[in-house]
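Chains as they are written, first to last, in the numbering used here: chain F, 1 to 276; chain V, 1 to 400.
No wet-lab data here; the hints were simulated from the structure. Yeah, the Cβ is synthetic: ideal placement off N, Cα and C, and Gly gets one too. Be careful, since some hints might not be right.
What the hints assert, rightly or not - Result set (DMTMM-like, lysine to aspartate or glutamate): computed pairs, CA atoms no more than 20 angstroms apart in a straight line:
1. V:Lys113 to F:Glu180
2. V:Lys280 to V:Glu54
3. F:Lys199 to V:Glu101
4. V:Lys113 to V:Glu201
5. F:Lys199 to V:Asp158
6. V:Lys2 to V:Asp232
7. V:Lys2 to V:Glu83
8. V:Lys113 to V:Asp223
9. V:Lys283 to V:Glu54
10. F:Lys64 to F:Glu52
11. F:Lys68 to F:Asp266
12. V:Lys145 to V:Glu205
13. V:Lys113 to V:Glu189
14. V:Lys105 to F:Glu184
15. V:Lys298 to V:Asp288
16. V:Lys113 to F:Glu184
17. F:Lys194 to V:Asp95
18. V:Lys113 to F:Glu181
19. V:Lys8 to V:Asp26
20. V:Lys8 to V:Glu78
21. V:Lys2 to V:Asp181
22. F:Lys275 to V:Asp158
23. V:Lys363 to V:Glu300
24. V:Lys96 to F:Glu184
25. V:Lys281 to V:Asp232
26. F:Lys199 to V:Glu141
27. V:Lys289 to V:Asp314
28. V:Lys281 to V:Asp311
29. F:Lys194 to V:Glu101
30. V:Lys289 to V:Glu300
31. V:Lys8 to V:Glu51
To be verified - Just the calculated beta-carbon pair ranges, DEER-fashion:
32. V:Lys289 to F:Lys176: 54 to 62 angstroms
33. F:Thr192 to V:Asp195: 34 to 42 angstroms
34. V:Glu83 to F:Thr192: 20 to 28 angstroms
35. F:Lys176 to V:Ser98: 23 to 31 angstroms
36. V:Ser98 to F:Ile53: 56 to 64 angstroms
37. V:Lys105 to F:Ile53: 51 to 59 angstroms
The lines below spell out each chain.
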Amino acid sequence: MNYFQLPLEEWTNTFVDGWLIPTTSGLFDQISEWIAAFINGVTDLLIMIPPEIITILLVLLAWKTAGKGVAVFTLIGCFYLGSVALWPESMQTLAIVLVSTLISVIFGVPIGILSAMNSVVDRIVKPILDFMQTLPIFVYLIPAILLFGLGGVPAVIATFVFAAPPAVRMTNLGIKQVPEEVVEASRAFGSTPKQLLFKVQLPLAIPTIMAGVNQTIMLALSMAVVASMIGAPGLGDTVLTGISTVNVGLGLTGGLGIVVIAIILDRITQGLGKKL
Amino acid sequence: MKKIEVNKLTKVFGPHPKQGLKLLKDGKKKDEILADTGMTVGVNQASFSVEPGEIFVIMGLSGSGKSTLIRLINRLIEPTDGEVIIDGENITKMDKQSLIETRRKKLGMVFQKFGLLPHRNVLQNVAYGLELQNVSKQEREERAKKTLIDVGLQGYEDSMPSQLSGGMQQRVGLARALTNDPDILLMDEAFSALDPIIRTEMQDELLKLQHRLNKTVLFITHDLDEALKLGDRIAIMKDGQIVQIGTAEQILENPANDYVSQFVKDVDRSKILEASHVMKKPKVLTTDKDGPNMAIRKMEEVGASSIFVVDRDDNFQGLLTIDDAIRSHKEHLPITEMLRDDVHTTAPNTPLDDLIGIAADTKYPIAVVEEGVLCGIISRVSILSGLVLGKEKDNEGATS
Ligand SMILES: Nc1ncnc2c1ncn2[C@@H]1O[C@H](COP(=O)(O)OP(=O)(O)OP(=O)(O)O)[C@@H](O)[C@H]1O
Ligand SMILES: [Mg+2]
Chain F
1 MNYFQLPLEE WTNTFVDGWL IPTTSGLFDQ ISEWIAAFIN GVTDLLIMIP
51 PEIITILLVL LAWKTAGKGV AVFTLIGCFY LGSVALWPES MQTLAIVLVS
101 TLISVIFGVP IGILSAMNSV VDRIVKPILD FMQTLPIFVY LIPAILLFGL
151 GGVPAVIATF VFAAPPAVRM TNLGIKQVPE EVVEASRAFG STPKQLLFKV
201 QLPLAIPTIM AGVNQTIMLA LSMAVVASMI GAPGLGDTVL TGISTVNVGL
251 GLTGGLGIVV IAIILDRITQ GLGKKL
Chain V
1 MKKIEVNKLT KVFGPHPKQG LKLLKDGKKK DEILADTGMT VGVNQASFSV
51 EPGEIFVIMG LSGSGKSTLI RLINRLIEPT DGEVIIDGEN ITKMDKQSLI
101 ETRRKKLGMV FQKFGLLPHR NVLQNVAYGL ELQNVSKQER EERAKKTLID
151 VGLQGYEDSM PSQLSGGMQQ RVGLARALTN DPDILLMDEA FSALDPIIRT
201 EMQDELLKLQ HRLNKTVLFI THDLDEALKL GDRIAIMKDG QIVQIGTAEQ
251 ILENPANDYV SQFVKDVDRS KILEASHVMK KPKVLTTDKD GPNMAIRKME
301 EVGASSIFVV DRDDNFQGLL TIDDAIRSHK EHLPITEMLR DDVHTTAPNT
351 PLDDLIGIAA DTKYPIAVVE EGVLCGIISR VSILSGLVLG KEKDNEGATS
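Just chain V, with the same shape it has in the complex (with noise of 0.2 angstroms):
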C-alpha cells in the first residue's frame, strides 16, 4: 500500500476559493486567476504519491508552493479541494479528533526555522510531542533522551534554544519530531537556513537516520543538489502545480519541459550524480541466518551470477558468487569462508567520474558502502549509460 497518496489536491488563498478552483479546473493559470480575481493559487491539483521507506523531494522556485502543499497534508492549512490519504485513512475527511490523534502518532514536522519553543528547554522541546499525548513526565523525558543521543546533542538538555546554533537548533527540531515516533516526516526546507557544511553534514545524518529507522519522509527544498542526494524521486513544482516527477536519473535525462531544463541545466553530470544517485538497493544474504542454499535460491530469482553479504547490522561482509555458493554447499562449508573480498568499494558521496575507470576493469558491481554498512550496489551499466547520455545531451545543446 502506499503511504502517502494526494490527489488534485488544491489550495486557493482568497475570499472565494471555490470560484478560483473553478477557473482552475477550466485551465485557468495562476497568474491569470490573479489578474481577474485578486486570489492566489498556493497549489493547483497536485497528485502524487510516496511509498513507505522512501525519500520524497518536493522542489521549486519560491513562491511555487512548496510550503504550501506540505501543510495541506497535514491540515495546518485547509484544503480547497482534492484529497490526502495517508496509510488508506482520507486526512481531509476527518473531524478534528482523529485529525490531532493523527498528527501526534504519524506525522512529525521540521521547520525551516525550527520553531522551536523559546521559553523550554531542549529536553522539554524534544519531549513536547509525547507530552501532548499526556504521557507521563518520566517517560517522555526518557524517550526525549533518547532521540538526543540519535541527533548527537546528549548533554545539551538543560540548553535553551536561543543558546545554540542553527545547526544545533535543527538537530532539536528533527528530534522532536523524532521521538514520537511517527511514520513520516515533513521536512519544510529543514537545511535551507544552514551553512553549507552544516548542511552537508545534516542531509548525511538524515540519509543515516532514514536507513536505520526507515521512515517516509516528504521533504522540500529548493536546492537541486539537496534534491539530487536526499530524494529516491523528486516532485518539481511550478505556479502551484507538479510538472514532473521522476527518480533524480529520469529528471536529469529527460526534463519533462523548459523550466525543469533550466533547473538542471547547469549541472555537470559526473561532478553532480554521486554515487548514491545511482546506486540501486541490492538483494543481499544475512550471514546469520542464510546459507548457501538461500544464496543460490536468492541469486536465481534476481538472475545475478554473485550477491552481496552482509550481517545482522548490514555491515558489508563481501561477495559470493554461484559457483562459491554452490561449493559451499556440496563441501558443507560455511559461505562466510567463500567470501571475495576483491570488490571495489566506495563512499556514497563518490562522483561518478571517479568510479569509471574502476567501472571499467571489474567485473562485480561496485559496492557503495558507509561506516560499514552496505547502502546499495551500483552496476557498471549504469555508471556509463548515465555518463554516456550526458555527454550526448551536452553536445546537442553545444551545437544547436
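Isolated chain F, as found in the complex (with noise of 0.2 angstroms):
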C-alpha cells in the first residue's frame, strides 16, 4: 500500500523540535511554573493537616451527601490507607487528580456550554474530544514530557487530556436537555440570553454536570499509574515499584489504595450530583 510517501514522523518531529519548543518554551514554562505551585500548595496542604482531621473531614462530607453506609466506608477506607503506611502517597494522589479536575472543570463546562449553544463551536470541539479520549495516552506523554519536563506537571496535563472530555460532553449534554418549553418560556417572559443560562439552562444541567465531573474523577485517578510513568509522586509510584521489584504485594496494596480513594470520591460527587 505504499504507493506514496508520507513523512509524517520527519514532519512532526522536525515542527516540534524546530518550532514548537523553541518559540512556545516560555509560555510552557509558565504554565508549567503555575500548574507546579498549585499542585506543591494542594499537595503540602493535604500532607500538613493530620490524617485525623482530613478523615474526620471526608467521613462527615461522606454522611452528609450519600449517607451513613458510604461515611462507614470512607472511615475504613482511611484507616486501610493509614495502616499500609501509605498515607502520603495517598495524598500526593488525591492533589493530583483534585488539580487535574480542577483544571479540567475550569475548561471543560465552559466549553460544554458554548458548545451546546452555537453549532459551529459544537462541530469543532467534538472531534477534538473524539482525538483527546482515543489517541493512544503514551503518544502525548512523550510531548508532554517534552514541553513540561517530569514530574507532576506533564501528569496533569497528560491526566487532563484524558480525562476531560466527559466534562465537557456532560455539560452539552445537560444544557441540551433542558425541555424546549423551559427555555421558550423563559424567552417569553424577556430573559436576556445570560439570564437564561444561569437562571434556567445551568442550574437544570447541574446533576448531569456533577455526572461528568464524577467521570472526570474516575478518568484521572485511573491515570494514576501512568502519571507516575512519567514521574508523578504517589500511589501510582507504589504500583509501579511493586512492578518493577517483582513485588505483587507492594503492587496489590498500591492499587488496593487507588480502588479506596476511587470509591469514595465516587460516591461523593454522586451524591452531591442528587444534593444539588
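Fit chain to chain and form the complex, with the hints in mind.
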C-alpha cells in the first residue's frame, strides 16, 4: 500500500523540535510553573493537615452527601490507607486528581456550554474530544514530557487530556436536555441570554454536569499509574515499584489504595450531584 | 388604535426561506413548496388585527401553523416576512434589547405544556417575570402572592410544580403571565392538556379574569367549542393561511369555504350557541354617578326605550325604562327606586334553546349575569334570528 511517501514522522519531529519547543518554551515554562505551584500547594496542604482531621472531614462529607453506609466505608478506607503506611502517597495522588479535575472543570464546563449554544463551536469541539479520548495515552505523554519536563506537571496535563472530555460532553448534554418549552417560556418573559443560562439552563443541567465531573475524577484516578511513569509521586509510584521489583504484595497494597480513593470520591460526587 | 396588527406575516422553515417566500407570493401552496423544495411553510401571509380588550381566537387543525403564528408575534420564532405591530410599535424591526423590554412589559404567554421551571417553587415561578426585570425580591413576591390569590392558588406558594395537578400547574402558568401585568396574553392551547371539567373551569376563570382585568387575549385552540365560548372573534387557519375571520355567529352562519363548514358542521346550533355567544355589550347606567338626565341621554344615543343599571362593581341592579327615567327626573326621585326587577336574567352558559321561551314572552332584552355581574344583554331578535337562520341551513343540507 506504499503508493506515496507520507513523512508524517519527520514532519512532526521537525515541527516539535524546530518550532514548537523553541517558540513556545517560554509560555510552557510559565504554565508549567503555575501548575507546579498549584500541585505543590495542594499536596503540602493535604500532607500538613493531620490524617485524623482529613479522615473526619471526609467521613462527614460522605455522610452529608451519600449517607451512613458510605461514611462507614470512608472511615474504614482511611484506616486502611494509614495502616499500610501509604497515607502520604494517597495524599499526593489525591492532590494530582483534584488539580487535574479542577482544571478539567474550569476549561470543560465553559466549552461544554459554548458548544451547546453554538453549532459551529460544537462541530469544532466534537472531533477534538474524540481525538483526546482515543489517541493512545503514550502518544501525548512524550510531547508532554518534552514541553513540561518530568514530574507532576506533565502528569496533570496528560490526565487533563484524558479526563476532561466527559466534563465537556456532559455539560453539553445537560444543557441540551433542558426541555424546550421551559427555555421558550423563559425567553417569552424577556430573559436575556445570560439570564436564561444562569437561571434556567445551568441549574437544570447541574445533575448531568456533576455526572460528568464524577467521570472526570474516575478517569483521572485511572491515570494514576501512567502519571507515575512520567514522574508523578503517589500511589501510582508504589504500584510501579511493586511491578518493577516483582513485589506482588506491594503492587496490590498500592492498587487497593487507588480503588479505595476511587470509591470514596465516586460516592461523594454522585451524592453531591443528586443533592444539587 | 388597534392593539395588535399583523400584516402579511410569513414563516418558511428551511435553508432558503426567501426562496420559499417568493414561491408563496407567486401563489404556490404549502404542499407544492414542500414537494418542490423540501421547505415547510409555517405561516403564509397572515393578516389580522386585534382590538384592545378583545379575546381573539385562532383555530385550526394540527399543523395548520397556529403555534408558529403566535410565536411570530413575540418573535420566539423570527418571521421570514411581514410585520407585527403592537401599540403602534413594529415588533419585527425591533433590536434585541427593545424586544426583550416589550416581552417583559407587554406580552405574557401561557403554554400548552405549561413550561414551568421545574427547579423552582410556585411562588418563584410566578415571580419569574419580575425577577428578570430585577424587581426586588420583596416586591416581586408580594405581587406574585396577589396573582396567586387571583387564580385561586393561595397556600401553594412553596409547592414544587411537579407536586401539582395539571389544572393547578396551568393556573401557575396563568399567574406567571399575569404577574408582569402585561396588556396582552398569548395563550397557545393553554387548556388543551387539561381534562374536560378542569378545562371548562379554566375557561370560565379566564373569561372572568378578562372581564375584570380587560386584557387583550390571543387564544389558540383546535377545539371549536372552546373557540365559540371564548372568542369575541375567531380566525380559522389552514395550511398556514387564515381562511376566515369573524364572530362566532358569522362563522357558524356563513362558513367561508368547505374547510370551515367541515369544522362547524357537527354543531347543533341551538345547543352549541350559548347566551354568551350572542350577547352584546350593553350601554349601562351606573347607580353611583349617573342620574336620570344621563339615563335619558344614553337611551337617546342608542335609540332604546330602556337601559340596564349596574353599581360601581358592575353588579346588576335592574332595568330603567324611559318613562320611569322621565318620572324620576320630574319628581326628583333617585333612579334606584324606579328600577324594574321583572327583567329576565340568565347565566352565560345557558343554551340558546332554553331562552326561546323567555324571548317569546318578554319585551325587554335578557340580562346575562354571572355571580351578580352583568356581562351582556341579549335581544329577542338575535336569539330568534340565530336559530331560524341555522334551521334553514340545516334543512338545505338535508335536502341537497
Ligand atoms: N422548527 C420547525 N422546523 C420545521 N418545521 C416546523 C418547525 N416548527 C413547525 N414546523 C412546521 O410548521 C407547520 C406548522 O406547525 P405549528 O406547530 O405551528 O402547527 P400547529 O397549528 O400549532 O399544530 P398543533 O395543533 O399540532 O400544535 C407544521 O407543518 C410543522 O411541521
Ligand atoms: Mg401548536
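Hints, one by one, checked against the model:
For a cut-off of 20 angstroms, the pair hint linking lysine 113 (chain V) to glutamate 180 (chain F) stands: about 10 angstroms separates their Cα positions. The hinted pair formed by lysine 280 (chain V) and glutamate 54 (chain V) meets the criterion: a straight-line CA distance of about 13 angstroms does not exceed 20 angstroms. Straight-line distance between C-alpha atoms of lysine 199 (chain F) and glutamate 101 (chain V) comes to about 18 angstroms, which keeps the hinted pair within the 20 angstroms bound. For the given pair, lysine 113 (chain V) sits about 18 angstroms from glutamate 201 (chain V) by alpha-carbon distance, which is consistent with the 20 angstroms threshold.
Annotation: proposed proximity of lysine 199 (chain F) to aspartate 158 (chain V) holds, straight-line Cα distance about 18 angstroms (limit 20 angstroms). Annotation: proposed proximity of lysine 2 (chain V) to aspartate 232 (chain V) holds, straight-line Cα distance about 15 angstroms (limit 20 angstroms). Among the hinted pairs, lysine 2 (chain V) with glutamate 83 (chain V) is consistent with the structure: their alpha-carbon atoms are about 14 angstroms apart, no more than 20 angstroms. Taking the CA atoms of lysine 113 (chain V) and aspartate 223 (chain V), the gap is near 17 angstroms; set against the 20 angstroms cutoff, the hint holds.
With a C-alpha separation of about 17 angstroms, the suggested pair lysine 283 (chain V) and glutamate 54 (chain V) falls inside the 20 angstroms cut-off, and the hint holds. Proposed proximity of lysine 64 (chain F) and glutamate 52 (chain F) is supported: the alpha carbons are some 18 angstroms apart, at most 20 angstroms. Using a Cα cut-off of 20 angstroms, the hinted pair lysine 68 (chain F) and aspartate 266 (chain F) holds, with the two alpha carbons roughly 15 angstroms apart. Straight-line distance between C-alpha atoms of lysine 145 (chain V) and glutamate 205 (chain V) comes to about 18 angstroms, which keeps the hinted pair within the 20 angstroms bound.
Under the criterion of a C-alpha separation no larger than 20 angstroms, the hint pairing lysine 113 (chain V) with glutamate 189 (chain V) is consistent with the structure, at around 9 angstroms. This hinted pair checks out: lysine 105 (chain V) and glutamate 184 (chain F) have alpha carbons roughly 17 angstroms apart, not beyond 20 angstroms. Our distance criterion of 20 angstroms between C-alpha atoms is met by lysine 298 (chain V) and aspartate 288 (chain V), whose separation comes to about 16 angstroms. Taking the CA atoms of lysine 113 (chain V) and glutamate 184 (chain F), the gap is about 11 angstroms. The hint holds against a cut of 20 angstroms.
Restraint check: the Cα-Cα separation between lysine 194 (chain F) and aspartate 95 (chain V) comes to about 17 angstroms, which is no more than 20 angstroms; the hinted pair holds. Taking the CA atoms of lysine 113 (chain V) and glutamate 181 (chain F), the gap is about 7 angstroms. The hint holds against a cut of 20 angstroms. Of the pairs offered as hints, the one joining lysine 8 (chain V) and aspartate 26 (chain V) holds, with about 14 angstroms between alpha carbons and a cut-off of 20 angstroms not exceeded. The hinted pair formed by lysine 8 (chain V) and glutamate 78 (chain V) meets the criterion: a straight-line CA distance of about 14 angstroms does not exceed 20 angstroms.
In summary, the hint linking lysine 2 (chain V) to aspartate 181 (chain V) is supported, as the alpha carbons are separated by about 19 angstroms, within the 20 angstroms threshold. Between the alpha carbons of lysine 275 (chain F) and aspartate 158 (chain V) the distance comes to roughly 19 angstroms, so the proposed pair stays at or under 20 angstroms and holds. Between lysine 363 (chain V) and glutamate 300 (chain V) the CA atoms are separated by roughly 18 angstroms; this keeps the pair inside 20 angstroms, and the hint holds. For the hint pairing lysine 96 (chain V) with glutamate 184 (chain F), the CA-to-CA distance comes to about 16 angstroms; that is within 20 angstroms, so the pair holds.
This hinted pair checks out: lysine 281 (chain V) and aspartate 232 (chain V) have alpha carbons roughly 11 angstroms apart, not beyond 20 angstroms. Annotation: proposed proximity of lysine 199 (chain F) to glutamate 141 (chain V) holds, straight-line Cα distance about 17 angstroms (limit 20 angstroms). For the hint linking lysine 289 (chain V) to aspartate 314 (chain V), the alpha-carbon distance of about 13 angstroms falls within 20 angstroms, and the restraint holds. Proximity of lysine 281 (chain V) to aspartate 311 (chain V) is assessed by CA-CA distance (about 16 angstroms); at most 20 angstroms being required, the pair is judged to hold.
Restraint check for lysine 194 (chain F) and glutamate 101 (chain V): satisfied, since their Cα atoms lie roughly 15 angstroms apart, inside the 20 angstroms limit. For the hint pairing lysine 289 (chain V) with glutamate 300 (chain V), the CA-to-CA distance comes to about 18 angstroms; that is within 20 angstroms, so the pair holds. As the CA atoms of lysine 8 (chain V) and glutamate 51 (chain V) are separated by approximately 18 angstroms, the hinted pair is consistent with the 20 angstroms bound. The supplied range of 54 to 62 angstroms is met by lysine 289 (chain V) and lysine 176 (chain F), whose beta-carbon atoms lie about 59 angstroms from each other.
Remark: the range hint 34 to 42 angstroms for threonine 192 (chain F) to aspartate 195 (chain V) is upheld by a beta-carbon distance near 37 angstroms. At about 24 angstroms, the beta-carbon gap between glutamate 83 (chain V) and threonine 192 (chain F) stays in the expected band of 20 to 28 angstroms. One distance hint, 23 to 31 angstroms for the beta-carbon pair lysine 176 (chain F) and serine 98 (chain V), holds here, with the actual separation near 29 angstroms. Roughly 57 angstroms separates the CB atoms of serine 98 (chain V) and isoleucine 53 (chain F), a value that falls within the hinted 56 to 64 angstroms.
The given range of 51 to 59 angstroms is respected by lysine 105 (chain V) and isoleucine 53 (chain F), whose C-beta atoms sit roughly 55 angstroms from each other.
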